[in-house]
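2 protein chains.
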Amino acid sequence: MAKEIERKFLVRSDGWRSAVETKSVLRQGYIASMDDRSVRVRTLDGKKARLTIKIGRSAITRDEFEYDIPVADAEELLQNASGIVIEKTRYRVPHEGFVWEVDVFAGEHRGLVIAEVEMSSETDSPGLPSWLGREVTGDVRYSNQALATEYEHDRHGLSNTA
Amino acid sequence: MAKEIERKFLVRSDGWRSAVETKSVLRQGYIASMDDRSVRVRTLDGKKARLTIKIGRSAITRDEFEYDIPVADAEELLQNASGIVIEKTRYRVPHEGFVWEVDVFAGEHRGLVIAEVEMSSETDSPGLPSWLGREVTGDVRYSNQALATEYEHDRHGLSNTA
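Chains as they are written, first to last, in numbering that gives the first Met the number 0: chain V, 0 to 161; chain A, 0 to 161.
Isolated chain V (complex conformation):
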């Protein structure tokens, strides 16, 4: 079990592209999704797959349990996702000692770009790159869970503008 501590922002420019270190294509969906917990399946580049259980109500910290599973299982589970299967390319972008993950969405959420930084404690204070837009930490509309299950709403309500 690990604690997940993160901050999340919209992205207002392409300034991050020149600093990209690696990228991978993620497909993910929820097997179950309740208000204080979720069970997610994700494939990485179609080669690895992972099951993730998150429990807890805090926007910044949640208990997280992760298990590698066979890719074939993941594909089958994704066919039974509750809500939509999200497709996005995740770019790792180092900045002042922290690694930012910039998610460029495809499919239903094409046009949306979100940056996240994982911290080791809630008091960590990562330097904020100039390409960040508005902070959306704790804004449930931008949680993976909401993006997967409330897409009708999001399609009209979400904006990538800072």
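It should be emphasised that the hints constitute simulated quantities derived from the structure, not laboratory data.
Only a predicted model underlies this, so the values are computations on that prediction, with no experimental measurement involved.
Don't take each hint at face value.
Any copy will do: because identical chains look the same in the list, a pair fits if it lies in one copy or spans two.
Unchecked claim - Here are the simulated DMTMM-like cross-link-like pairs (lysine to aspartate or glutamate), alpha carbons at most 20 Å apart as the crow flies:
1) Lys47 to Glu65
2) Lys7 to Glu75
3) Lys7 to Glu74
4) Lys46 to Asp13
5) Lys47 to Asp67
6) Lys53 to Asp67
7) Lys53 to Asp138
8) Lys53 to Glu65
9) Lys22 to Glu86
10) Lys46 to Glu134
11) Lys22 to Asp102
12) Lys7 to Asp67
13) Lys47 to Glu134
14) Lys22 to Glu115
15) Lys46 to Asp72
Once you've looked at the hints, dock chain A against the given chain V.
For chain A alone, coordinates are given in the frame of chain V:
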């Protein structure tokens, strides 16, 4: 992924006890439980633990995905179970080429005894031991899911009488 095909009965006598092959103590709870799917955590004799995802509406056949997980994770997940943690001793009882699992419940459901047989196809026809009571295959009140999440109801409504 495996298909789970089973029949389930109440147990009306102790006749099975003389044929017991092995037993193990199970503790299990649901991380998530929706009408057509469930995510269950189970510990076996406190030494092994398993995460099981079941998907599908059929009473007899459901898709089942099982993964071994660390016992410490399981204990923590059980503390976050939705509903109660079920405790039961499972006895394996061979009978005419099939293995019956007789579950003797403790805790909330003390007094309840259920026998299940797993089949390799829906057309298998296992011989029915004389100690079986009424068949409850498809009776949702006797599903592990209902026993874990609707115990208030069950405490008053369920009977082990055939």
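Going down the list of hints, with the structure as the test:
no. : hint            : result
1   : Lys47 to Glu65  : both (13 Å within a copy, 17 Å between copies)
2   : Lys7 to Glu75   : neither (30 Å within a copy, 27 Å between copies)
3   : Lys7 to Glu74   : neither (28 Å within a copy, 31 Å between copies)
4   : Lys46 to Asp13  : neither (28 Å within a copy, 51 Å between copies)
5   : Lys47 to Asp67  : both (8 Å within a copy, 17 Å between copies)
6   : Lys53 to Asp67  : both (15 Å within a copy, 18 Å between copies)
7   : Lys53 to Asp138 : within (17 Å within a copy, 31 Å between copies)
8   : Lys53 to Glu65  : both (9 Å within a copy, 18 Å between copies)
9   : Lys22 to Glu86  : within (13 Å within a copy, 45 Å between copies)
10  : Lys46 to Glu134 : neither (32 Å within a copy, 44 Å between copies)
11  : Lys22 to Asp102 : within (10 Å within a copy, 49 Å between copies)
12  : Lys7 to Asp67   : neither (25 Å within a copy, 32 Å between copies)
13  : Lys47 to Glu134 : neither (31 Å within a copy, 42 Å between copies)
14  : Lys22 to Glu115 : within (14 Å within a copy, 48 Å between copies)
15  : Lys46 to Asp72  : within (12 Å within a copy, 25 Å between copies)
Hint violations for this structure: numbers 2, 3, 4, 10, 12 and 13, all remaining hints satisfied.
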